[in-house]
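J.: Now for the letters of each chain:
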Amino acid sequence: MNDRAPAFFRLQLTLAEDVNLVALKAALEKLARRFPLFHVELRRGAFWYYFERNDAPPQPMADSLYPMQKPEAGKKGAHLYRVRAHHNRLALEVSHVICDGYGGIALFKALTAEYFRRCGLAVPCEEGVFDLDAAPSPEEWEDSFARYSRPGLPPPPPQDPSWHIPGALLPRGTIRITTGRLSVAQLLAKAKGYGVTATVYLAAHYLAVLQEYQEDEALASGSSGDAWRRRTKPLRLEVPADMRRIFPSSTLRNFSLFLEPTLRPRLQRFEFPDILKIVEAQMALGLQRGELARIISRNVEAARSPLVRAMPLPIKNAFMRALNDIYGDRMFSGVLSNLGAFKLPAILRDRVLAVDLIINTSPIIKQTVAAISYGDVFSISIGSLCESSEFERRFLTSLVKDGLRVKVESNIPPRR
Amino acid sequence: MAYCYKCGVELERGAPACPLCGASVPTDCVEPETPARPAYPNFVHDPEYGDDLSGPERRRIALEILSLALGLAAAASVVIDLADGGLAWSRFVAAAVLGVWGVCAGVIALWKRPGWAAAAAASACSAAMVGIDAAGGWRGWSLAVGLPMAAAVALGSFAVGASVRKSKRRGLNVAGHSLIAVAASLCILELALDLYADGRIFLRWSLITAASIVPVSLLFYYMHARLLRGADLRKFFRL
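Protein chains in written order, with my numbering: chain A, 155 to 570; chain B, 2 to 240.
Hints in this document: simulated from the structure, not taken from any laboratory.
In this text, a Cβ means the ideal position worked out from N, Cα and C, and glycines have one as well.
It is possible that part of the hints are untrue.
Unchecked claim - Think about it this way: if two alpha-carbon atoms lie no more than 20 Å apart in a straight line, the pair counts; the simulated PhoX-like pairs of lysine-lysine are:
# : chain 1 : residue 1 : chain 2 : residue 2
1 : B       : 7         : A       : 561
2 : A       : 561       : A       : 344
3 : B       : 113       : B       : 167
4 : A       : 555       : B       : 7
5 : A       : 431       : A       : 344
6 : A       : 346       : A       : 431
Claimed, not checked - Just the calculated beta-carbon pair ranges, DEER-fashion:
# : chain 1 : residue 1 : chain 2 : residue 2 : range
7 : A       : 198       : B       : 223       : 37 to 47 Å
8 : B       : 167       : A       : 232       : 57 to 67 Å
9 : B       : 18        : A       : 371       : 21 to 31 Å
Chain A on its own, in the form it takes in the complex (with noise of 0.2 Å):
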């Protein structure tokens, strides 16, 4: 667990009415029975953390102005997720640890199923809310990741490391929030209009504005001509890609991959609509079986190799943060995850008026963009430790100058 960026995400709804504690505070009782998987806490063993049943149902608490700090996430008696409340936000935050975003949001349908259910309306159990009252399944917690595993598939090969947004960082557990919010249809039709999904739209601007800012950052720095471009290092992001299409599964654990789309300026500039063409290329690559099975027993061969077994918890600790250091957050130039729409029975319609999906930064990466949609409303929020909010403001300007509507607001005014 990691203090400065706690792995957590945050899904949040606006509801047409304040939020009614004694509500969802019986929601919360109801939930911890349904969904064993999330009422755990973790605990430190002498070779691996372990998960501790605890039935205790999480209090709801009040909202901060910067979410997803200050886990409790190691403490003896705390949980891995938490319900938030502030007027009409009502936010669930969930740790990375137990559940990937698929199984966030199964959680988190079945908790405002429920709290409207104690506000008096009959919600049904449709459009992914679980029943409560229905006995929980194994299949819910399984290792889907040690279930494809294929060991002696070849290992996927390594990445060289990529460029990162310079810059100095926010205080210590801080973190600014900027969401803009668009129109679907108008988001969709000008994916379409460009033959791509609107995922490949969104990371195909994404690595565009992160072109745009590694050449200005250049030229910032003295950098002339293109001779820069010869030291100059790629541009990645990481796309979260659930599984469960690919590899039947109905795990709520984790079981989302990477994908990689990646650009590499050193070769040339590239203009939109080669980044689109090189996106969706990348993007249906990465997403073949056989790519994917052996990133999967890649990671699960590695560790039940016997010497990771058998190394005490302190030097694993050190070792796999050394190791998603130089394998993980300087891979990636950025995050961009899109979990596509929001679904909720057709009688929360009215008193759900938006969804928004956040998810925690680390002082490497520096910013992550999460896309979300509920009915006609596509949220993009970026989350950010750095100081100048100089990306979002590219990024959500980009989308503007290609003709989308897009409203903005953040927890904290920007410093530049």
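Take the given structure of chain A and dock chain B to it, following the hints.
T.: Below, chain B alone, put in the same frame as chain A:
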């Protein structure tokens, strides 16, 4: 509906400035009658903040733990020595433990006043040396060598602390200041030793050490000023 004239994005109702570029919204575009509620609270609320101890509480607990640990160590030494036939070596241990306690307690209690903390630590250290000297049959080394040395270390620490406080960027320049203070302290130590042993001053090893240390500190100053451009050490090593 307000738009940022620079970025072209739509702004929240009642927003006084664009969150992206900071450009202020013309007052005729702000709708004061129905300002939107802020999306996030204007306070920080995280569970661990409630568990945080205040500075004085932390210092009191540290002092308690220190006193208990050192007291037990001193008492155990005295008991073992008594069981062995009388108070002999444990007198040195007790004096040393008292000295360590005095130094640590002074620093903990006067944490916010580095000058006073350095003076308290030097006094406790000197008193401990006088105690050890007395326990060993009083040869006078504690006054002739111990006191000047404790004073030199305290003055050096105070000077380093003061210069660090004054410097705008704290990085490798702190290491440079510390090395210079160490070199000066070693010269004072040899001076005191010479006076105590021979009654005359002839600096040798301390000058050689200083001649080795000072270039390293100059290198640190250079790196701080030119190469690292005053980078903060914690950021440089990603602590």
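J.: 37 to 47 Å was suggested as the range; check whether the CB atoms of residue 198 of chain A and residue 223 of chain B agree with it.
T.: holds (44 Å)
J.: Check whether the Cα positions of residue 561 of chain A and residue 344 of chain A lie no farther apart than 20 Å.
T.: holds (17 Å)
J.: Quick one, are residue 555 of chain A and residue 7 of chain B close enough, alpha carbons at most 20 Å?
T.: holds (12 Å)
J.: CB of residue 167 of chain B to CB of residue 232 of chain A, is that within 57 to 67 Å?
T.: This hint is violated: roughly 43 Å between Cβ atoms.
J.: Run the distance test for residue 113 of chain B versus residue 167 of chain B: straight-line Cα separation, threshold 20 Å.
T.: holds (16 Å)
J.: Does the alpha-carbon distance linking residue 7 of chain B and residue 561 of chain A stay inside the 20 Å limit?
T.: Given pair residue 7 of chain B, residue 561 of chain A holds - Cα atoms ~14 Å apart, limit 20 Å.
J.: Decide if the proposed pair is consistent with the structure: residue 346 of chain A and residue 431 of chain A, CA atoms, cutoff 20 Å inclusive.
T.: holds (13 Å)
J.: Can you confirm whether the C-alpha distance between residue 431 of chain A and residue 344 of chain A stays at or below 20 Å?
T.: Answer holds: residue 431 of chain A to residue 344 of chain A is near 15 Å, not above 20 Å.
J.: Please check whether residue 18 of chain B and residue 371 of chain A have a Cβ separation lying inside 21 to 31 Å.
T.: Given about 26 Å between the Cβ atoms, the range holds.
Figure legend: structure checked against the earlier numbered hints; the only hint not met is number 8.
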